[in-house]
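Colleague: Chains X and S, in that order, give the protein sequences.
Quick note on numbering: the first sequence equals residues 1 to 352 in UniProt numbering.
Quick note on numbering: the second sequence equals residues 1 to 352 in UniProt numbering.
No wet-lab data here; the hints were simulated from the structure.
One or more of the hints may lead you astray.
Said to hold, decoys possible - Partial list, computed: chain S residues near chain X (C-beta under 10 angstroms): (1) R9; (2) V18; (3) R24; (4) F98; (5) W171; (6) L179; (7) W230; (8) E325; (9) R328.
Stated by the list, open to error - Covered by chain X, according to a simulated footprint, are these stretches of chain S (three or more residues, beta-carbon under 8 angstroms): (10) 152-160; (11) 182-190; (12) 199-209; (13) 315-323.
Glycine included, C-beta positions come from ideal geometry on N, C-alpha and C.
If you want the building blocks of each chain, they are given just below.
2 protein chains.
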Amino acid sequence: MSKQNNFRRYNPLIDEWVIVAVNRINRPWQGAKTEKSTTISTSSNTEQSILNPLAPGGTRSSGIANENYVSTYVFDNDFPSFTEFEECAGKDENDDLFKQHEVKGVCKVICYHPNSQLTLATMDVKEVRVVIDIWNQQYLELGPKYEWVQIFENRGAVVGCSNMHPHGQLWASNYLPTLPMKKHESQKKHFEKHGKVMLMDYLEQETLKKERIIMRNEHWTWLVPYWAFWPYETMLLPNRHVERFTDLGEVEKQSLSEILRSLLIKYDNVFECSFPYMMGWSGAPTGSFLTENCSFWQLHLSFFPPLLRSATVPKFLAGYEVFAEKQRDLSPEIAAKTLSEIDEEHYSKKLQ
Amino acid sequence: MSKQNNFRRYNPLIDEWVIVAVNRINRPWQGAKTEKSTTISTSSNTEQSILNPLAPGGTRSSGIANENYVSTYVFDNDFPSFTEFEECAGKDENDDLFKQHEVKGVCKVICYHPNSQLTLATMDVKEVRVVIDIWNQQYLELGPKYEWVQIFENRGAVVGCSNMHPHGQLWASNYLPTLPMKKHESQKKHFEKHGKVMLMDYLEQETLKKERIIMRNEHWTWLVPYWAFWPYETMLLPNRHVERFTDLGEVEKQSLSEILRSLLIKYDNVFECSFPYMMGWSGAPTGSFLTENCSFWQLHLSFFPPLLRSATVPKFLAGYEVFAEKQRDLSPEIAAKTLSEIDEEHYSKKLQ
Ligand SMILES: [Zn+2]
Ligand SMILES: [Zn+2]
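With the hints as constraints, model all of the structure from the sequences given.
Modeller: Here you go:
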C-alpha cells in the first residue's frame with residue numbers, strides 16, 4: 001500500500017462525490033458470490049482462531065494477529081480508505097468540472113464478540129449493550145477530531161461481507177460525505193420551513209397513521225419509512241429529540257440494546273436465515289459542527305436488507321434504477337405488516 | 001397483476017423518489033446468483049425457441065409467444081412498472097413528508113437479434129446499426145407522449161439479468177425521474193454560469209488532457225469520466241452538440257454502430273468473458289419538454305460495468321457507500337489505460 005492519502009472527486013452531472021481509494025486496490029479480497037448466509041459450524045475456539053481472521057488470536061490477511069480479546073475488540077482496518085499520511089495520491093483541483101480533494105481519516109473494524117458463531121441477534125441483551133457502549137466510546141473519541149464518524153455493518157456475503165464473525169466497521173473522515181450532507185441540508189430546510197425537527201415531525205405523524213410502525217418501546221420506535229427503497233428497509237428512531245448518539249442517556253442505551261436485539265431476531269425470522277443487511281447510524285455531524293447549531297438533526301439507525309423473496313434472492317440495483325429512478329416491488333406497508341406479525345423468538349431456538 | 005397503475009414516493013431526507021411497483025411483486029423471477037456470464041451452448045433454432053423465452057417463437061413466462069422475428073423485435077414487458085390503466089394503486093399525497101404521485105407509462109423489451117448466442121459485441125456492424133434504428137424509432141414514437149424515455153440494457157446475471165439473449169429495455173414515463181431531473185438542473189446551471197454546454201465543455205477539456213480518452217472516431221468519443229464510480233465506468237459522447245438521440249444524422253448513426261461494437265469488444269476482452277454491464281442513454285427530456293429550451297443538454301451513453309478483478313468478482317454497493325459516499329478502488333486513469341491498451345479483436349475469435 002502506498003503511503004499516500006486518497007482523494008474524492010465531484011460528479012457535476014448528479015451532484016455527488018466519489019472516493020477514489022487507490023490505496024485499496026491491492027487489498028486481499030475475501031468476498032463473495034451471492035450465497036445463502038450460513039454460520040460457521042460448531043468448532044472449538046482453537047479451530048476458530050485458525051480459521052477466522054476476526055476471532056481472538058486470529059491472523060488477519062495483513063499478517064497481524066488479533067489480541068486474545070474476551071468481549072469487543074476494535075482495530076484499525078488493514079486496508080483503509082481513509083489515512084492520515086503526509087501526502088496525497090492526487091492533487092487538489094477546484095474547477096467546476098474537475099474537482100478533486102484530498103481525504104483524511106481513519107477506518108476501524110469493531111468485533112462485537114469473541115464467538116464467531118454469534119450475531120447481534122443471537123447475543124444476549126447484556127452483550128449487545130457492550131457493543132452500544134463501544135459505539136459510544138468511539139464517537140466520543142473520534143467526534144472532536146472528524147467531521148463525520150460513520151458506524152455501520154455489512155452483514156452477509158450478499159452485501160459483500162463473507163466473514164460471518166459478528167463485526168461492524170467505523171469510517172471517520174475530515175469532511176462531511178455526500179449523503180450526510182444531503183440529510184444535513186434537508187433537515188435544516190425542514191426546520192426553517194416548519195419550525196420542527198423533520199424526523200420528529202415524521203415520527204409524530206407515523207404514530208398517528210400506525211400502518212408502518214413495527215415495534216416500539218418507551219424510548220425507541222422501529223418503522224418502515226414511507227419512502228423506503230430496500231425490500232425490508234427500516235429505520236429505528238429515538239422517541240425524543242436526540243441529535244447525536246453521544247446524547248443518549250443510560251436508560252435509552254439499555255432500551256436500545258433490547259429493541260435492537262428484538263428487531264434483528266425478527267429480521268432473521270423472515271426467511272429463517274441470518275438475515276443479510278447494511279446497518280448504519282446517522283446523527284448530527286461532529287468536528288467543526290460540534291460548535292454549530294445542529295438542533296434540526298435527529299439521530300437514526302437505518303437498515304437496508306437486500307433480500308426480497310427468499311434467503312438466496314437479493315434485490316439488484318440495476319438498469320432503470322441507476323439511470324433514472326429507484327424502484328421497489330413490495331409496498332412499505334406490506335413489509336411493515338410482515339415484520340410486525342413475525343415471531344419474536346429466534347427461529348434457531350424453535351428448531352432445537 | 002392488478003389493473004392499477006403504480007406510484008412513486010418522495011424521500012425528503014435525501015431528495016430522491018422511489019417507484020413503488022406493487023404490480024410487479026408477482027412476476028416470475030428468472031435471475032440470478034452471481035455467476036460467470038456464459039453464452040448458451042450451440043443449439044439449433046428449434047431448441048432455442050423452446051429454451052429461450054426471448055428467442056423467435058419462444059414462449060414467455062406470461063404464456064405469450066414471440067413472433068418468429070428475423071431481425072429486431074419489440075414487445076411490451078409482461079410485468080411492467082409503468083402502465084396506462086384508469087386507476088392507481090395509491091392515492092396522491094402532497095405533504096412535505098408524505099408525498100406520493102401516480103406514475104403512468106410503458107415498458108418494453110427490445111430483442112436485438114434472433115440468435116440467442118450473439119451479443120452487441122459479436123453481432124456485425126450492420127446488425128448493430130439495425131438496433132440503433134430501432135432505438136431511434138422508439139424515441140420518435142414515444143417521445144411526444146412521454147416526458148422521459150429511458151433506453152437501457154442490463155447484461156449478465158451479476159446485474160440481475162440471467163437471460164443472455166441479446167436484448168435491452170425501454171421504460172417511458174409521464175414524468176421526469178430523479179436522476180434525469182438532476183442532470184437537467186446541473187446542465188442548465190452550468191450553461192447559465194459558463195454559457196457552454198456542460199458535457200461539450202467537459203469533452204473539450206478531456207480532449208486536451210488526453211488521459212481518460214479511450215477511443216474516438218470522427219463523430220464519437222469514448223472516455224472514462226473524471227468522476228466515474230463503477231470500476232470500468234465509461235461514457236460515449238457525440239463530438240458535436242446533440243440534444244437528443246433523434247437529432248443524430250445518418251452518418252453519425254453509422255459511426256455509432258461502429259464505435260459501439262468496438263468498445264463492447266474491448267469490454268469483453270478485459271476478463272475474456274461476455275462483460276456484464278448496465279448501459280443507458282440520456283438526452284434532453286421529451287413530452288412537454290419538446291417545446292422548451294433544452295439546448296444545455298448533451299446526449300450521452302453511459303456504461304456501468306460492475307466487475308473489478310475477474311469475470312466472477314463484482315463490485316458491491318454496500319456499507320459506507322449506501323450511508324455516506326460512493327467509493328472506487330481502481331483509478332479512472334488506470335481504467336482508461338487498461339481499456340485503451342486492450343485488443344480490438346474479440347477474444348473468442350482468437351481462441352478459435
Ligand atoms: Zn466485514
Ligand atoms: Zn433482461
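Colleague: Which earlier hints turn out false for this structure, listed by number in ascending order?
Modeller: Every hint satisfied by this model.
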